[in-house]
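Using the sequences and the accompanying hints, generate a full structural model.
Listed here are the chains, written in short residue letters.
2 protein chains.
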Amino acid sequence: MATLTAVFVAVLCVILAFLFKISQRKETKVGKAESVPTAKARPWVDEDLRDDTDIGPKDDNDGDWVESGEEEELCHVPYLGSRYPVEVMVQRSQDFYNLMNQRRSVRFISPEPVPRQVIDNVILTAGTAPSGAHTEPWTFVVVSDPEVKHQVRLVVEEEEEVNYRHRMGDKWVSDLQRLRTNWVKEYLDVAPYLVLVFKQTYGIAAGGKKKTHYYNEISVSISCGLLLAALQNAGLVTVTTTPLNCGPKLRLLLQRPANEKLLMLLPVGYPASNATVPDLTRKPLDDIVVHV
Amino acid sequence: MATLTAVFVAVLCVILAFLFKISQRKETKVGKAESVPTAKARPWVDEDLRDDTDIGPKDDNDGDWVESGEEEELCHVPYLGSRYPVEVMVQRSQDFYNLMNQRRSVRFISPEPVPRQVIDNVILTAGTAPSGAHTEPWTFVVVSDPEVKHQVRLVVEEEEEVNYRHRMGDKWVSDLQRLRTNWVKEYLDVAPYLVLVFKQTYGIAAGGKKKTHYYNEISVSISCGLLLAALQNAGLVTVTTTPLNCGPKLRLLLQRPANEKLLMLLPVGYPASNATVPDLTRKPLDDIVVHV
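Listed in order, the protein sequences are those of chains A and B.
When we follow full-length UniProt numbering, the leftmost residue of the first sequence carries the number 1, and every step to the right adds one.
When we follow full-length UniProt numbering, the leftmost residue of the second sequence carries the number 1, and every step to the right adds one.
These aren't lab readings, by the way, just hints derived from the structure by calculation.
Cβ atoms here follow ideal geometry from the backbone N, Cα and C, with glycine treated the same way.
Do not rely on the hints blindly, as some may be mistaken.
What the hints assert, rightly or not - Subject to a maximum C-alpha distance of 27 Å in a straight line, what follows is the list of computed DSSO-like cross-link-like pairs (lysine-lysine):
| no. | chain 1 | residue 1 | chain 2 | residue 2 |
| --- | --- | --- | --- | --- |
| 1 | A | K283 | B | K210 |
| 2 | A | K209 | B | K283 |
| 3 | B | K210 | A | K210 |
| 4 | B | K211 | A | K283 |
| 5 | A | K171 | A | K283 |
| 6 | A | K211 | B | K283 |
| 7 | A | K171 | B | K283 |
| 8 | A | K171 | B | K210 |
| 9 | B | K209 | A | K283 |
| 10 | A | K211 | B | K209 |
As the list claims (entries may be wrong) - So the derived list for chain A, only partly shown, Cβ under 8 Å to chain B, looks like this:
| no. | residue |
| --- | --- |
| 11 | P130 |
| 12 | V162 |
| 13 | H166 |
| 14 | V190 |
| 15 | C224 |
| 16 | P271 |
Set out below in structure tokens:
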């Protein structure tokens, strides 16, 4: 009888331990399910949607997302593009390379005014970039007001000093020292225009529902490539900066909505007459291309 | 005695259950510690460095990273850029916008050959893009071999079919249906060139040490913007694709090293004579620019 009781208790314990293990497994599964985005509701949504760096009022709950089939199919039309004779094409590709190869990141910008029409044209050009599912997830905020430019400078310099002194690590600071960049950004006051490029991490469809912006960071970066090409083509200069941790403050300063995150900040103008650039070279073709 | 045995066994079971729970907790903690990047060792390194989607041989441990001050400071030279009279600048900006605005993503590509020199020039142009700390973190793999192109197609179509059927969710598929894209990618066989754009998530410095590539994805996307501009300027077409989950397989197919991750795949050629494009419009200027 005693032995039977002991065996009974032992079996009971094994069963309890087994049940305990099962419950643990379930917990793990639930935990995982929570941390993994629910693919059906929001496939491939940018991580920024879940960032906690925002200051100011929180976005209202989760909102409605556009459902399948709410947008109609587009009709297709013939593609009408320019075609050049081979020798013209070769020459055009060479000329365009020569022009773009003269582009440099310039940190010394002239205060001379630049026609607004040129700025509009280069931004229109940036807006021709392709984007995931044609969502066009970009907003270009062009600051020419001296007081706002100065506010931008204050925000950037304050954060950049912290970045340089604490956040970036010796290695990065050293890498950048070669290019003589630091947290004093005089060009933010001097340049006639500051172009702040925001990526829209989601869109707002008709009716106020949220609309997924697939690959929004890649799309907006591509559009910045076109922006740089357009500036170079017009004889203007800029420096492509990604002000670390300034995004939320600059977004609020410029009163942009919560779905927009700062991706790049480009001061734009003519080069200063005494502008210098680091004596960099670019990799030769063989170092960047592989033919198969 | 019998009761004592039973109590003893029960206590033993409780102790065992407790130890079991403790060991579970430790496992969870270790799992978390591994997934969090060690910020000090590698500031701002791309998440891809820790992706587990790689197939094939694992990268050898962690490797050495270039230390501060191992690279010398660059001297600075005067910036010599073109400057145009105002009316010329306005006209140039308008003409360039008109040219870029004719660009479309074209999925119907002619098999006609395209001079290799043009491809080299457009890739040189892409290589003029700015990059974080001038790391130039891009590799352009140009595939013209028909057998390799077909292998690329097989990989992409196999993965894309899974994406469309299972991974993407109804909403994304519906968003893309408007543009009539699906997992059959005939252009991968037909286009004279496939340009596979890899981002180098880190570099290898002289001496075999690893070198941080700051903002490599943004940099490579910007260079793709320049690539698109150069193709459009030459009268060639492409479609900017980001083949989901194909990266590791295509990297191995093309024998690229572990630090390179596929960012985009662009089939390049003349447009097919019967090429069509979705009847899309672009947002007007007022919808993409905000003047402050």
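Quiz item: Which earlier hints can't be squared with this structure?
Solution: 3, 7, 10, 12, 13 and 14
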